[in-house]
Structure formats: structure tokens, C-alpha cells
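Q: Chain by chain, the residues run as shown.
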Amino acid sequence: MFLALLLQEMSLAIMGAGIGAGLVAIGAGLGIGKIGASAMEGMARQPEASGKIQGAMLIIAALIEVAALFGLVICLLIALA
Amino acid sequence: MIVFLNTLSQFRSRFLCVLLIVFSAFGALAQAAENQETDSHANADHKEFKPSEVILHHVLDDHIWHFWDGHYGTLYLPVIVYSSEKGFDVFSSRNFYNDHHEVVPYNGYKLDHNHIYLADSGKAVFDLSITKNVAMLFINAALLLFIFLGVAKAYRQNTGKAPKGIQSFIEPIILFVRDEVVKPNIGHHYEKYMPYLLTLFFFILFGNILGLLPGAANLTGNIAVTMTLAVITFIITNVNGNKSYWSHIFWTPGVPLPLRIVILPVEIVGIFTKPISLMIRLFVAITAGHIVILSLISLTFIFGSIYVGVASSVVVLFINLIEILVAAIQAYVFTLFTALYIGMSTAEDHH
Chain A
57 MFLALLLQEM SLAIMGAGIG AGLVAIGAGL GIGKIGASAM EGMARQPEAS GKIQGAMLII
117 AALIEVAALF GLVICLLIAL A
Chain B
18 MIVFLNTLSQ FRSRFLCVLL IVFSAFGALA QAAENQETDS HANADHKEFK PSEVILHHVL
78 DDHIWHFWDG HYGTLYLPVI VYSSEKGFDV FSSRNFYNDH HEVVPYNGYK LDHNHIYLAD
138 SGKAVFDLSI TKNVAMLFIN AALLLFIFLG VAKAYRQNTG KAPKGIQSFI EPIILFVRDE
198 VVKPNIGHHY EKYMPYLLTL FFFILFGNIL GLLPGAANLT GNIAVTMTLA VITFIITNVN
258 GNKSYWSHIF WTPGVPLPLR IVILPVEIVG IFTKPISLMI RLFVAITAGH IVILSLISLT
318 FIFGSIYVGV ASSVVVLFIN LIEILVAAIQ AYVFTLFTAL YIGMSTAEDH H
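Heads up: the protein sequence lines correspond to chains A and B, in order. In this note's numbering, each residue's number is its place in the first sequence (first place is 1) plus 56. In this note's numbering, each residue's number is its place in the second sequence (first place is 1) plus 17.
If you are wondering where the hints come from, they were derived from the structure by calculation, not from laboratory data. Just so you know, not all the hints are guaranteed correct.
Taking lysine-lysine pairs in the BS3-like style, the calculated list, with each CA pair at most 27 Å apart, reads [unchecked claim]: (1) A:Lys90 / B:Lys291; (2) B:Lys170 / B:Lys209; (3) A:Lys108 / B:Lys200.
With the hints as constraints, model all of the structure from the sequences given.
A: Below is the structure:
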């Protein structure tokens, strides 16, 4: 019975890791989507500045993606160990 | 760039683009082939394919460098350990593996999950071995020296003339780092910090891109390497901090006294969180990228189907191209934040 309880805790942890990975993807998608939306709007208002806006957008997307990947790595560590 | 395309014929530039894509595809498929070797070896031992083991084995550091399964496919790197009981010991890591590729203890040392312990007491030893990441670091340093000594020689010979060869490839990148990253953030006296920031940028850039090649080690995805870079940045920002920087931390001007006592621990922690965020950002970006690529390749072996294999190879090729972009962006972001922190710590007081 103790083994069954232990297995249930392990499976709960792995389920938590799975849900966490999904939430991380939602967070990254929302953040990068907002950046992309305002970048599109800025480029539509002022097409001359589109080069600079595109450069800044890529860098900020990389920063948000790093935060998302950080959560992903934690979920992976929970699921694999 | 336009001159470049006019001097080469259109055919040659298109050929070079195709060559680049073929090499990227080769990289992805070679990684898949390497995993397939592991899979057939595991099938010979009647073990199932465990993707978590394969992925972690490819991402973490190791005392051997495994290129392909076979007699000559593994490079056994030297082990250099020091302990107070047994003193200094140097031997090849070949001694840790017997003929069946199992780990055996040797000469009073045992290898447990790639860490070396004393065989009888189980204590850790001071491990200075040339591991896979250290060898990769030497390769990266040799590549940096080779390219930049050539560029420096070209500058000495071509003073006053137009740049040629490798100099014309590196010069726009150096000018980009100087004009977009260093000068706006540090202001005057920026020449003092240019050598460190240029070295940082190219070390991280080359380290990231070398890590994407097939059979390479995950250099900048090792938290010890990024911790070293963050510590050097920490030392440079705080040694060069001027009076206004330290007074802003310990005795924040313009706020009432009780708030200053509250802000003080927050600011002291803030001195340390800046380099820690640099360290974690680079480590996570590169390691997570490698884990994503390896997971997609492992999908083929989990399903065991050729259609999944073809689809996953195409997706892995696309993600490899994204990873090259991430490699450049992470080098730029690390250098940008370092320049920002140095600029903040050496800024003149504007009040």
C-alpha cells in the first residue's frame, strides 16, 4: 500500500511537470504574441522604422523565450528525475 | 554586400546557399545517425530506448568523447585528479571502461554518474580532468586565436587600404558591436572595455555555433562556463564602479530614511542577481535548444517508424536553423547586458 502511495505521488509530480510545460508554452506564446502585435502595428504606422522595429522585436522575443525555456527545463528535470 | 554579390557570379552565390542548407541537413541527419547507432547497440543488449538517458547524456559533460559506436569511435580523454589521500593522479579514462563498455573502478577511483569518487571511502576528489567540455573550450579558444590573429595581421599589413579576406568578414561584426552595443551604453571611456566585450561576444558566438555541429560538446550550455563569464562581468562592473554607483546602492538619494533601510538589502541582492541572470539566460537558452532538437530526433526511435523519421528530420532541420539564430541573439544579448551593467556602474552622476 505504501508502494501504491509512493507511485501515486510520483505520477502526480510527473503530471504536474506536464501541466507546467503546457503553461510555460502558453506564457511564451502570449508574451511573444503581444510583442509581435505591437511590432506589426508600429511597422504599419511608420514603414521607414521597420528595420529597427524588427531588430528590437527579435531580441525581446529571445528574452521572453529564455524565460519560457527556463520553466521548460525545470519541468523536464521533474519529469526525468 | 551588393559589391559582394556582383563580384561573385549569381551561380556561385546560389551554390553557396545550397551548400549551407546541405551542411545543415547533414548536421541534423548525422545526429540522427549517431542516435541510431546507440539504438542498435541498445537493441543488441535487449534494452529499450530510453530517450531521457540519451538526451541527458548528450547535454551533460563526460570524461570520454563518443563520436560513433565502434572500436575507434570514442576518444578517451585524460583524467587528472587530486586528493589528499592519494595525491596527484593522471591516467586515461580508458581505464574506467572494460571490454563490455561497463564502468569499472580503477586504481582506487570509481566513476559514478560521470563524477569521480574514491573507491573505498566514496569521498569526492578534486577533478581537474580534460573532459569533453574542456576539450571543446580549447578548440573554441584555438579557433578564436586563429581567426583573430589573422585579422590583426591583416590590419597591420593593410593600414589605409580596403579590407580583404577574413578581415572584411569580421570587420562589420566588430563595428556592429562597437557602435550598437558598446558606445551607446558605456559612453566615453568605452575603449577600455572593448577588448573584454569583443572577446565575450565572439567567444559566446563561436561556442554556441560549435555546439550545434554534429558530435560536438555543449560548451556554452554548461553552467560552469556561463558562471565563469558572469563572474568576470561581476568583477569588472564592481571594480570599476564609481562613487555615484556605490552611493546609489548603499544610500539611495532622494528617498526618506526608513525606505532607505528597506531598499538596502534589495539593492545588495540586486548586485548579485544581475550576473546570475546573465549566467542562467545563456545556459538555459543553449541547453534547452539542444534538448528540443534531441527530443525531436528521439521521437523517431520512440515510434520506430520511417515516416515519423522523415517528418522529424525536416522539423529538426528547421529548428537547427532557428538555433543558429538563437546562438547569435544570445551572444548579442549577453554582450548587450554586460555593456549595460558596465555603463550603469561607470556612469557620471547626472543630477
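Q: Any of the earlier hints contradicted here, and which numbers?
A: Those not satisfied: there are none.
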